[in-house]
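Engineer: Which chain is which? The protein sequence lines are A and B, in order.
Under my numbering, read the first sequence as residues 1 to 426, first letter to last.
Under my numbering, read the second sequence as residues 1001 to 1509, first letter to last.
Only true hints are included.
DSSO-like cross-link-like pairs, simulated, lysine-lysine; straight-line CA separation at most 30 Å: (1) A:LYS331 to B:LYS1085; (2) A:LYS357 to B:LYS1136; (3) A:LYS73 to B:LYS1166; (4) A:LYS184 to B:LYS1134; (5) B:LYS1133 to A:LYS183; (6) A:LYS331 to B:LYS1134; (7) A:LYS361 to B:LYS1133; (8) A:LYS233 to A:LYS404; (9) B:LYS1020 to A:LYS183; (10) B:LYS1166 to B:LYS1136; (11) B:LYS1214 to B:LYS1133; (12) B:LYS1067 to A:LYS183; (13) B:LYS1085 to A:LYS190; (14) B:LYS1136 to A:LYS184; (15) A:LYS248 to A:LYS17; (16) B:LYS1214 to B:LYS1275; (17) B:LYS1134 to A:LYS360.
Rather than coming from a laboratory, the hints here were simulated on the basis of the structure.
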Amino acid sequence: MEVKILSAKFDIENSHKLEVAKEHGAYATLEKLFAMEPADVIEEVKKSGLRGRGGAGFPAGVKWSFLPKDTGKPVYLAVNSDESEPATFKDRYILVRDPHMLIEGIIICCYAIGCHDTYIYIRGEYTSQVRILQQAIDEAYEAGYLGDTVAGRDFKLEVTVHRGAGAYVCGEETALLESIEGKKGQPRSKPPFPAVVGLYDCPTIINNVQSIASLPFIIDQGAEAYTAYGTEKSAGTHLFGISGHVEKPGMYELPLGLPVLDVLDKVAGGVWKGRKLKGVIPGGSSTPVLTAEEAKTATLDYESMAEHGTMFGSGGIVVLDDTVDIVALVKNLIDFYHHESCGQCTPCREGLGWMLKITKKILAGGGSSEDIDLLLELCDNIEMKTVCVLSAACTMPVRSYLNKFRHEFEAYVEKGASLQAAGIQG
Amino acid sequence: MAEMIKLFVNGEEVEVESGKNLIDAVGAVGIEIPHFCYHPALGADGNCRMCLVGIEDGRPPLVPACKTPAAEGMKVQLDTDKIKKIQRDMMEFELINHPIDCPVCDQAGECTLQDYYMTYDGVSSRMNVEQVKKAKKLDFGGGVVHDQERCVLCGRCVRFCRQITKTGELGIVNRTDSARVDIFPGRPLNNRYALNVVDLCPVGAMTSADFRFKQRVWFLKKDEGICHGCSKGCNIFIDHNREKYKDDTIYRFRPRHNDQVNGYFICDEGRLSHKKENEGRLLESLKNGKPYNLTESYVLAQKAITNAENVLILVSPNLPLEQLVATQVFAQKIGASLSGYSDGYIVKGDGDDFLIQDDKAANRKGLELLGINTGGDFFWDSLEKAECFICIDNELPAVDTKRLIKALRETKVIALSSHHFNLVDQAFVAIPVASFSEYGGSIINCDGVLQSFQAAVVKNTPIADVTEVLRRLGGPLSSAPEVLAAIHRVEGPLAKVDFNRIPAEGLKL
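The shape of chain A in the complex, shown without the other chains:
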């Protein structure tokens, strides 16, 4: 099931070094790239069906075409490497094991959109990623792949690594821009969208690491080679970080569209310790949970996840076995999003804290059935009333747990303990 496109060099020793990477084909597409017109590059990427790999899945080529023409302002590219969504650890593999694939992707993107300044925004705590990425960038400058004349062509490109101070919300694209500008990382109201008014009020494209890293293959092999993988609306491959209660957790590159349970069983070795499956978080903690039953029909692509009332997300799959206490899980989940709420707008700032306290009360055995209903109502009251979607990243999954596992909450209300502790079958 596994494929090796993005991860082709992951297992090669010292693949992060330019010399080794070049031996295995790094920067080989540039010849072809500079022979193309920028508009043709955008067209090729559109044809490839590449969708934003940050979680939202917006078609990358379409996003690029939103850039206004002839504004007289510089165009910026910001590469989102904040990767702070719990259960998501795909971008770090690219940064550490094949940073030159990312740099090559940046060159392709910048050539296509007419950009000469790129910022890679990376969470400050990711020290080893920063170190390795910066070494690779330094090497690329030295070798002439970055700088005044990229690969000897009349094309200038500067790449700067910007380290954030460690906030989940800075993965939200406009908070990311604020942070690069040296301000507190808080999302901006949209419209205007960054493609029109972005970094330093200039047109800006923000793409996820994996989206950019997918470009060399698309340009090298062509859109059709890319669409040969995946489904009609979910083309290509994706890095899946599988964690939780499986026998073989890890990072796997798979084509989109595979059945969830097949992947769990055949790639990740099945639910650990011979236990039963309770649920699957399909793509990072903010995606609504799939029950074991729902997982039977779900496939790992954007359409199927939408049909199942959830989202494809970031490829961070978490497998939950039948011992998982959903109420405790929800408490953890809200705790995270509450802690990461930037505090800017009222519903998220005040609401998530309230939800957390209610959940803690239920968990401590002091909750009531009304509290469960209140939690559900608060999800509705907060969601989509805020500046950004951080609050929705909390309320959407919480709602799914409340609706799909309500009996576990009721057990706490009635027995003051979890289903398991109360000796009730789940």
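With the hints as your guide, set chain B onto chain A.
Structural biologist: Leaving out everything else, chain B in the frame of chain A:
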């Protein structure tokens, strides 16, 4: 005139100004869209989410009104169940961690949270877990006291210090519901407009150390006035109250919006100058510094004036046109010299490029238009010759005291004074006059804007204004129409002004 467009609010067609956001555009025709964080002087921030409105067929269908420009044909929904619920929900979020102790909050009675609760909420609290605890009674400097628990994090105060004063003392620290407005350690508010954050604050989080807990605001009478602290003439509200068994007392000045003069703000010195209306006042007549019967004082003053060969009258540059012209006519009648010497009112370098002016005289332009001589030489020459010197409320700030004492050695001084200024005790006779909160009149600011104002405060024992005092001393003008007629006789721009129809924002001469 701005371009007008038509849009629909709750299905009703209204005509509004284009280019404005929905809050201002629709607000101008009397339809309120509730909001905490938006302020016309500070722009839209979009953080409170209270102004979310529905746009029929809109993409997206739910928008913050503060960030949404009014557009032709737009169908704005404010009274749908969905929007009403959102407003209730936002109020609930604002209130869950807000102390519900309005009776002891200084903002009660002028609190946006309170008002909105009554208008848009009105349901009981569902908060049954522990509230977030934050710090209270923080001294932010500049006379500002902050309560973090009452704060709704609208950020108006922060934006004021960043955008208006550009001093940036305030910030919001921490994330999530630990977010709070704070100063940097050891760096308090340090700008001359700091107290505006108290007015900007929609709730009781920012209070003025000068005013807090002095009065319940619903007892205050809020009269319109003009600040006399400098030549800018900022528009203010004079908030005053006569408590039982006490006198009518001013408790605070607040800025009153006037785009032609001061916008939405006033400086702290001007704001705190309300104290001067209460303190240091000359309330009884004096003879040689000792209390003396008022009627007898008039007799003494009249005699002194009649007996003098040379009389010099010095007026204050704060007096309104009406009192100045009355003085002018009085001076003509008795053959006195009239000076408006007031160089000492100019504090070089004190002003800024916002509101505060170097010139602390409220009506210097008025002196000029009436042709009153303000020259120093004329004043001193006339003073040397004068046998009687009538000083009308001129503080003589920064005057050469030695020279003044020398010049006055043989001179009978009559002080008509609102306050216990230096010269009052040395005066042969001192007669109290009203201060600017107690009379009406017209003044012209540094930019040539003529503004009129009415009396706000009525003391238990009213004090006569300058026009009335001069009439009692034999002045020829005895009524307001006579005074206005006298102003109209002055050649220049004042001749044609209809003083009964000066627009609210003032008349640019």
